[in-house]
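Required output: the full structure, derived from the provided sequences and hints.
Residue numbers (this note's numbering), protein chains in the order written: chain A, 1 to 105; chain B, 1 to 185; chain C, 1 to 156; chain D, 1 to 90.
If you are wondering where the hints come from, they were derived from the structure by calculation, not from laboratory data.
Every value quoted in this text rests on a predicted model; they were computed, and no experiment measured them.
Ideal Cβ positions, reconstructed from N, Cα and C, are used throughout, including at glycine.
Errors might be hidden in some of the hints.
Beta-carbon label-pair distances, calculated as ranges [unchecked claim]: (1) B:R76 / A:T63: 39 to 49 Å; (2) C:E14 / A:I66: 24 to 34 Å; (3) A:V73 / C:D40: 22 to 32 Å; (4) D:L3 / B:A174: 21 to 31 Å.
Chain C is nowhere near these chain A residues, computed Cβ spacing over 10 Å in every case [unchecked claim]: (5) R5; (6) A8; (7) V11; (8) F18; (9) R29; (10) Y34; (11) Q42; (12) L57; (13) V65; (14) L72; (15) F74; (16) T81; (17) D102.
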Amino acid sequence: MNEIRLGAIFVLLAGGVFFTFVSAVGVIRLPDVYTRAHTASQTDTLGAGLVVAAVVLAYGVETEVIKALLLLVFIFITNPTAAHAVGRAAYEEGIEPWTKGDERR
Amino acid sequence: MSAVGFALAGFVIITAIATAMLRDTLAAIIVFAAYSLGMALFYTLLLAPDVGLTEAAIGAGVTTILLLVTIAKTTRPRAEKVFTAINCPAATLSVGLVAVLLFTVGSIPVENFLGEATPVTGAAGTPGESVTGHYLQSTYEQTGVTNAVTAVLAAYRGFDTFGEAVVVFAAGVAVVVVLHRGEFL
Amino acid sequence: MSGSDSIRPYTESEIIMTAVRIVAPFVLTYGLFITFHGADSPGGGFQGGALIGVVVFMLAFAFGIAPTREWVGSGLMTALAAGGVIVFVSVGLGTLALGGKFLEYGLYEPFLGPDATKWGMEAIEIGGVAAIVSGVIMALFFLTAAGYASQGGEDV
Amino acid sequence: MTLTTAFLTTAAVLVVLAIAVLYRAVKGPTMQDRVIAVNVLGTNTVVILALLAVALDSESFLDIALVYALLNFLMAVAISKFTVKRGDVI
Chain A
1 MNEIRLGAIF
11 VLLAGGVFFT
21 FVSAVGVIRL
31 PDVYTRAHTA
41 SQTDTLGAGL
51 VVAAVVLAYG
61 VETEVIKALL
71 LLVFIFITNP
81 TAAHAVGRAA
91 YEEGIEPWTK
101 GDERR
Chain B
1 MSAVGFALAG
11 FVIITAIATA
21 MLRDTLAAII
31 VFAAYSLGMA
41 LFYTLLLAPD
51 VGLTEAAIGA
61 GVTTILLLVT
71 IAKTTRPRAE
81 KVFTAINCPA
91 ATLSVGLVAV
101 LLFTVGSIPV
111 ENFLGEATPV
121 TGAAGTPGES
131 VTGHYLQSTY
141 EQTGVTNAVT
151 AVLAAYRGFD
161 TFGEAVVVFA
171 AGVAVVVVLH
181 RGEFL
Chain C
1 MSGSDSIRPY
11 TESEIIMTAV
21 RIVAPFVLTY
31 GLFITFHGAD
41 SPGGGFQGGA
51 LIGVVVFMLA
61 FAFGIAPTRE
71 WVGSGLMTAL
81 AAGGVIVFVS
91 VGLGTLALGG
101 KFLEYGLYEP
111 FLGPDATKWG
121 MEAIEIGGVA
131 AIVSGVIMAL
141 FFLTAAGYAS
151 QGGEDV
Chain D
1 MTLTTAFLTT
11 AAVLVVLAIA
21 VLYRAVKGPT
31 MQDRVIAVNV
41 LGTNTVVILA
51 LLAVALDSES
61 FLDIALVYAL
71 LNFLMAVAIS
81 KFTVKRGDVI
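Structure (structure tokens):
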């Protein structure tokens, strides 16, 4: 395994852990459903995508890389759709968005 | 036991306790889904990917949705409090049971929890050594399949699998009868 | 789109329907892959059958339970569940008829060649277990969603 | 630091983050909060499985990860279609 690829894998892993950490902090600390759905859909998808990209790089050109690539594609399709479904359900149920000055929920 | 194993054990235990303690049924179902996520990861970490796959397909997908549809058709108890009160005798009993079980599994080599040298099953010196070794060695030449789990299920223990399959079928028929439906609607 | 006072029926979201249209065929393919490839990789009839059942759940949640039930049809579920049991029993009883023990696949060698054991296992995994599990899982879902019928199969 | 160690360390960090997110799954005032938290947990599980597939050199873990990625989506959609007011699933 050459140096550039190894370096790229480490960078991708570090980026993935960083974005997953940000999304975890967001899910715990943000004040209401909509903001949390937002962090869950965007930041978490990016973090997961970066880590799976590192996995793809680590596999190289083996046949297993197809499964890892499929994983990447499906994470990018399903995660935002799930967040959309949740946000829509919250709206249908009449949960008011948090505005500045409100109490944290 | 490695760091991943310890962290995962903590995760599974927290979700299990939360599932038991949550008062709202829907919340308990959602947290139970998280429990099955942790459990599938646990089985996979213990190098049992077949069981992990079953837990992923049944525990996360099917069980959650069947429970959801069931509470949609029945009632969902509401409460102001998030957690139920702890039933002291039951809690004592559960803790005692867990302690007893932990003592019985003391023979499992826990330092092999995660690592390259982990034997698949039946390590040297354990009671299962001869049986599992026999299956792992002779499965391919006797049956022609490489996955020993499938070979044991379908060939060596085929009659048991037949019983299980009929039990699944009988469960479907029983639900038809209980719900007073004339057919698999 | 406000309507916070009245309870409206849940109108379908185009995004969810599109995502399910993309994902569902893949899940079906993957369930079949796990079923057929169970002899050489993790998986088998039970897991694959469960995934095939899950495809129907996905369609039901995206397009509505009642239309999906009509699309799948009661006959298919009955055929899968009962047909699976029949396949399993006939493979097992076939060896008895050939003078062996229940599910002694080796006796099929005159008909299937030297890999008879493997083919026999594939037959009960694919035609037996996977069919039973997928049929029963679909049936359980639709039955539970339809609810209790008082007498004579009428809805309450 | 070898590649295997890096992947295992990442997996351990992700499990710890999953435990942190569990707080929202248990506490979450509304059902949607819990579903979001479980969805994040599911994504983390998928990623951990992919990492372990490389670290423990067993490609079959990717099968489980793929199954999980698809079922996680189903779970979120299903629970969000369960409307609390009417207690019904359409």
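Tested hints:
no., hint, in the structure
1, B:R76 / A:T63: 39 to 49 Å, "holds (47 Å)"
2, C:E14 / A:I66: 24 to 34 Å, "holds (30 Å)"
3, A:V73 / C:D40: 22 to 32 Å, "holds (25 Å)"
4, D:L3 / B:A174: 21 to 31 Å, "violated (52 Å)"
5, R5, "holds (27 Å)"
6, A8, "holds (28 Å)"
7, V11, "holds (30 Å)"
8, F18, "holds (27 Å)"
9, R29, "holds (27 Å)"
10, Y34, "holds (15 Å)"
11, Q42, "holds (15 Å)"
12, L57, "holds (23 Å)"
13, V65, "holds (16 Å)"
14, L72, "holds (14 Å)"
15, F74, "violated (7 Å)"
16, T81, "violated (4 Å)"
17, D102, "holds (17 Å)"
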